[in-house]
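Asks: Here is how the chains run, residue by residue.
2 protein chains.
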Amino acid sequence: MEHVTVLAGGVGGAKLAHGFALCQPEIHLTVIVNTGDDFDHFGLRICPDLDTVCYTLAGLANPHTGWGRKEETFEVLRLVGELGGPTWFRLGDKDLATHLERTRRLREGQRLSQVVESFCSRWGITARVLPMSDDPVRTMVHTLEYGWLGFQDYFVRCACQPAVKEFAFEGIEKALPAPGVLEALERSDLIVIAPSNPWVSIQPILSLKGVASLIQTKKVVAVSPIIQGQTIKGPAAKMYREMGIEPSALAVARQYQPYLWGFVIDELDRGLETTLKSSGIMILITQTIMHHEEDRLLLAKNILAFSKARKLEQQRREF
Amino acid sequence: MEHVTVLAGGVGGAKLAHGFALCQPEIHLTVIVNTGDDFDHFGLRICPDLDTVCYTLAGLANPHTGWGRKEETFEVLRLVGELGGPTWFRLGDKDLATHLERTRRLREGQRLSQVVESFCSRWGITARVLPMSDDPVRTMVHTLEYGWLGFQDYFVRCACQPAVKEFAFEGIEKALPAPGVLEALERSDLIVIAPSNPWVSIQPILSLKGVASLIQTKKVVAVSPIIQGQTIKGPAAKMYREMGIEPSALAVARQYQPYLWGFVIDELDRGLETTLKSSGIMILITQTIMHHEEDRLLLAKNILAFSKARKLEQQRREF
Chain A
1 MEHVTVLAGG
11 VGGAKLAHGF
21 ALCQPEIHLT
31 VIVNTGDDFD
41 HFGLRICPDL
51 DTVCYTLAGL
61 ANPHTGWGRK
71 EETFEVLRLV
81 GELGGPTWFR
91 LGDKDLATHL
101 ERTRRLREGQ
111 RLSQVVESFC
121 SRWGITARVL
131 PMSDDPVRTM
141 VHTLEYGWLG
151 FQDYFVRCAC
161 QPAVKEFAFE
171 GIEKALPAPG
181 VLEALERSDL
191 IVIAPSNPWV
201 SIQPILSLKG
211 VASLIQTKKV
221 VAVSPIIQGQ
231 TIKGPAAKMY
241 REMGIEPSAL
251 AVARQYQPYL
261 WGFVIDELDR
271 GLETTLKSSG
281 IMILITQTIM
291 HHEEDRLLLA
301 KNILAFSKAR
311 KLEQQRREF
Chain B
1 MEHVTVLAGG
11 VGGAKLAHGF
21 ALCQPEIHLT
31 VIVNTGDDFD
41 HFGLRICPDL
51 DTVCYTLAGL
61 ANPHTGWGRK
71 EETFEVLRLV
81 GELGGPTWFR
91 LGDKDLATHL
101 ERTRRLREGQ
111 RLSQVVESFC
121 SRWGITARVL
131 PMSDDPVRTM
141 VHTLEYGWLG
151 FQDYFVRCAC
161 QPAVKEFAFE
171 GIEKALPAPG
181 VLEALERSDL
191 IVIAPSNPWV
201 SIQPILSLKG
211 VASLIQTKKV
221 VAVSPIIQGQ
231 TIKGPAAKMY
241 REMGIEPSAL
251 AVARQYQPYL
261 WGFVIDELDR
271 GLETTLKSSG
281 IMILITQTIM
291 HHEEDRLLLA
301 KNILAFSKAR
311 KLEQQRREF
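Chains A and B, in that order, are what the protein sequence lines are. Per our numbering, the very first residue in the first sequence carries number 1; after that it's consecutive. Per our numbering, the very first residue in the second sequence carries number 1; after that it's consecutive.
Keep in mind that the hints are not guaranteed to be accurate.
[As the list claims (entries may be wrong)] Pulled from the structure, derived: some chain B residues nowhere near chain A, Cβ distances all over 12 angstroms: (1) Met-1; (2) Glu-72; (3) Leu-144; (4) Tyr-146; (5) Ala-251.
[Unchecked claim] Quick list of simulated restraints, FRET-style, between CB atoms: (6) His-64(B) with Cys-158(A): 38 to 46 angstroms; (7) Cys-158(B) with Gly-109(A): 46 to 54 angstroms; (8) Gly-271(A) with Gln-110(B): 52 to 60 angstroms; (9) Ala-163(B) with Arg-78(A): 42 to 50 angstroms; (10) Cys-158(A) with Lys-233(B): 29 to 37 angstroms; (11) Ser-121(B) with Arg-254(A): 55 to 63 angstroms.
Since the hints were derived computationally from the structure, they do not count as laboratory data. No residue lacks a Cβ here, since even glycine has one placed at the ideal position from N, Cα and C.
All chains should be modelled from the sequences, with the hints used to inform the complete structure.
Replies: Encoded structure:
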């Protein structure tokens, strides 16, 4: 059976992971999820990307927001607000149960990967979901206006408004890939970099000890999160601009070039085909915007078919 | 204005404190609350007696349970249960907001007494509510069946079923009375020991450095939590029996004797009057069972009137 591993951040990664999950049991799916966004709030450990991926795979996700659970209520947070507490991070009542029980288990000594495995089993998730690491990694955003900010401060509290200068992943040197991460990558017939934010969702995973060198030996396909210079959701395009790079699928391909066997761009970016092909990377042009559940499945199937293509030997070169 | 300080545990203490609160602004009220029951659960700091007292004073308490809030829901805990987490401690959604924001502030470096002051202000509580200490004190219960148990393990998880052998208040030697506690006691014209559990609600307060010696110099009135050998709520009578003492208002009076100016027993215990009077303690016989809000006010008023009585000089003696 074909082993597929998806590297994912939040909403875009969750949607594509779900598409591949719908291809089961014909494939064996592992999803490796960014934990650089994780943070402690009210004493609870919150793992936004892991929860978005798991809620999506379990059919529990809110289809409108890109975060949190469907049929959510906010009674606890409303009363926290009445006590003068912070309400900028929208903790729903259902969502809180996840954070409470995860925090309890972590304090009891369980590793994050064990907690995720148990939750996935409870939620009936058949794909294997792995946090990128059980060790703390904290994505920090260096901003023009406020200096270094924790990711959630930048992302939620400041609504991505500050201009970014650089990123750092605190703890990344000491962090080990979670149990199963390197094994899953090693075993993979196909590694898919989901249309997540390259700077803050995928880069932390690629920066983990052993990951980059391993995936350079494997068949890697990335899906561009940038379509016509814009993102469906999130600040990736804005970040490219602030880092002095014109946001486009080309910029994404350049960033991932050391790893890429193939690259997936949206039909709306068909004009980039010639330039991209000159790089020696295989190109799939298809609908990458996932409005509906069927779009997720179709994109996953298209990528699976694409990955079977014979590649002519061609020198990789700058483009 | 008369300064009244109430020493309180949970529900019985909360009700009588509420009675005195209804006597404001004619009196100046301070309530000193046991924190020996406090514990950490899901990474959150939970202060059961403080919350029961504050919810009661704020009119937010559940009138039926003796804990928690009225119009409570349990959505978060239901989902924690679905994840396989513990649900023996009944954390309601509204109640959780208190624990979250308290935990956040404590982690931010605020002292418990500051947090309580702020919450009381938000909840419109006019009495001054003080935790007995800002330092950790943990009531431990030595049981026949299971050895030493944390208080909530004994009280909630084991539903008070194990037989008790002794009690310990971990941290009590190092704990300091919270800011304002000794000052409030010093300034008090009347100190009322509420009808709370003498072993695990009042004893921790009395065991704090400086409290016992200070209140021996003051006018102290205790209300018996034991009526006709039984308690309205909680394991006090059972504890007396397991400690080899016949549970009765007499046993309570003996326990508090070093501090007592006066003692309040229920009309149902009128038969104990003669024995109690022989001890040299002033005795008030009145309705102490607080079914309704008016009962709380009436009991408080009766105690205030009682405390004005002239006491004949009489030798205190064993009884």
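Asks: Could you tell me which of the numbered hints above are not met by this structure, giving the numbers in increasing order?
Replies: Hints 2, 7, 10 are the ones this structure does not satisfy, whereas the remaining hints hold.
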